[in-house]
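Trainee: Let's have the full structure, built from the sequences with the hints guiding it.
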Amino acid sequence: MTSAPEVLPRHILERRLRSARLWNVMLAVIAALALVFGGVMWSQNSSGNQAAVAVAVAVADGAGNAAPEATTPELTGEVDGAAAEQPATGAAPVVERRIEGDPMAIGDIDAPVVLSEWVDLRCPYCAVYTRDTLPDVVKEYVDSGKVRIEMHDVAFFGEESLRASTAARAAAEQGKYFEFLDAVYEAAPESGHPELTTKELIGHARTAGVPNIELFTSDMEREDLRAEVTQMTTEASELGVTGVPFFAVDGQAFSGAQPIDYFREFLDSMVAEK
Numbered sequence: 382m383t384s385a386p387e388v389l390p391r392h393i394l395e396r397r398l399r400s401a402r403l404w405n406v407m408l409a410v411i412a413a414l415a416l417v418f419g420g421v422m423w424s425q426n427s428s429g430n431q432a433a434v435a436v437a438v439a440v441a442d443g444a445g446n447a448a449p450e451a452t453t454p455e456l457t458g459e460v461d462g463a464a465a466e467q468p469a470t471g472a473a474p475v476v477e478r479r480i481e482g483d484p485m486a487i488g489d490i491d492a493p494v495v496l497s498e499w500v501d502l503r504c505p506y507c508a509v510y511t512r513d514t515l516p517d518v519v520k521e522y523v524d525s526g527k528v529r530i531e532m533h534d535v536a537f538f539g540e541e542s543l544r545a546s547t548a549a550r551a552a553a554e555q556g557k558y559f560e561f562l563d564a565v566y567e568a569a570p571e572s573g574h575p576e577l578t579t580k581e582l583i584g585h586a587r588t589a590g591v592p593n594i595e596l597f598t599s600d601m602e603r604e605d606l607r608a609e610v611t612q613m614t615t616e617a618s619e620l621g622v623t624g625v626p627f628f629a630v631d632g633q634a635f636s637g638a639q640p641i642d643y644f645r646e647f648l649d650s651m652v653a654e655k
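Oh and the sequence shown: position 136 is 517 in the numbering used here, straight run, nothing missing.
No wet-lab data here; the hints were simulated from the structure.
Everything numeric in this text was worked out from a predicted model, so none of it was measured.
Think of the CB as a built atom: it goes at the ideal place given N, C-alpha and C, for glycine as much as any other residue.
Keep in mind that a hint or two might mislead.
Restraint-style ranges between C-beta atoms, simulated for each label pair [said to hold, decoys possible]:
hint, residue 1, residue 2, range
1, E604, D642, 39 to 45 angstroms
2, T588, Y643, 26 to 32 angstroms
3, K655, K520, 26 to 32 angstroms
4, D489, S650, 16 to 22 angstroms
5, E567, G482, 25 to 31 angstroms
6, R587, E654, 41 to 47 angstroms
Mentor: Take a look at the structure:
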């Protein structure tokens, strides 16, 4: 068993994240310059200036224009399945809410441990965790009063994810947030990101037992719910959550669709510290 990750205050963690991102940008620029310089040197020694022009064009977009801005890959707990086998662990800020009547939380509000979880409804590994592991976590830790689970929804996979998370919040308005998540993840494909159209989301709401489908359909279009998802996604990125599912307890975090034995070891150690 590895030693517990170092617990760092939020401001230190955020400063380290900003520094890491800056270094990533600098390294990318250096690599690009090295590529261009190397191409120029090779061209001078072999085929003259024509090869140098070819390298320069390759670094751009093939039409003499500046290359498009690099985008961050859609990182999830599923990258090559590696996160499920070798969880990324580290320090994380404490983000527990402990709000009475929170529709996006289950468990005793005074439970000794709060497990904060970040999910994207289009993430296949979130579906795997929800189907295969979450029921055991609830049975062994939530129902026993040891752990409270608080959800954080993110839209890492574009507009479809934003629409789906807004729909989940619409279900939460009628007390069916977790039932809605179960319905979505039960229907999820084994791999890839489902589109989750409006029609499909309404169908999942019916499966989840949302009592007023007309109200649910209307709430799916609410700008305030949509803004809440957008804000939570931004906050997740600022906290360093780059992949889902992502979990944090008392400043310690890990990611990936881990098996129940991993959760038992982690949660038992956290409960024992209380």
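Trainee: Each hint needs a verdict: does it hold in this structure or not?
Mentor: We went through each hint and held it up to the structure:
1. Taking the beta carbon of each, E604 and D642 are about 43 angstroms apart, inside 39 to 45 angstroms as hinted.
2. Distance hint check for T588 and Y643: the Cβ-Cβ separation is about 29 angstroms, which falls inside the suggested range of 26 to 32 angstroms.
3. In this structure the hint that K655 and K520 lie 26 to 32 angstroms apart at CB is violated, the actual value being about 20 angstroms.
4. Checked against the given bound of 16 to 22 angstroms, the beta carbons of D489 and S650, roughly 20 angstroms apart, stay inside it.
5. For the hinted restraint 25 to 31 angstroms between E567 and G482, the CB-CB distance of approximately 26 angstroms keeps it satisfied.
6. In this structure, R587 and E654 meet the distance hint of 41 to 47 angstroms, their C-beta atoms being roughly 43 angstroms apart.
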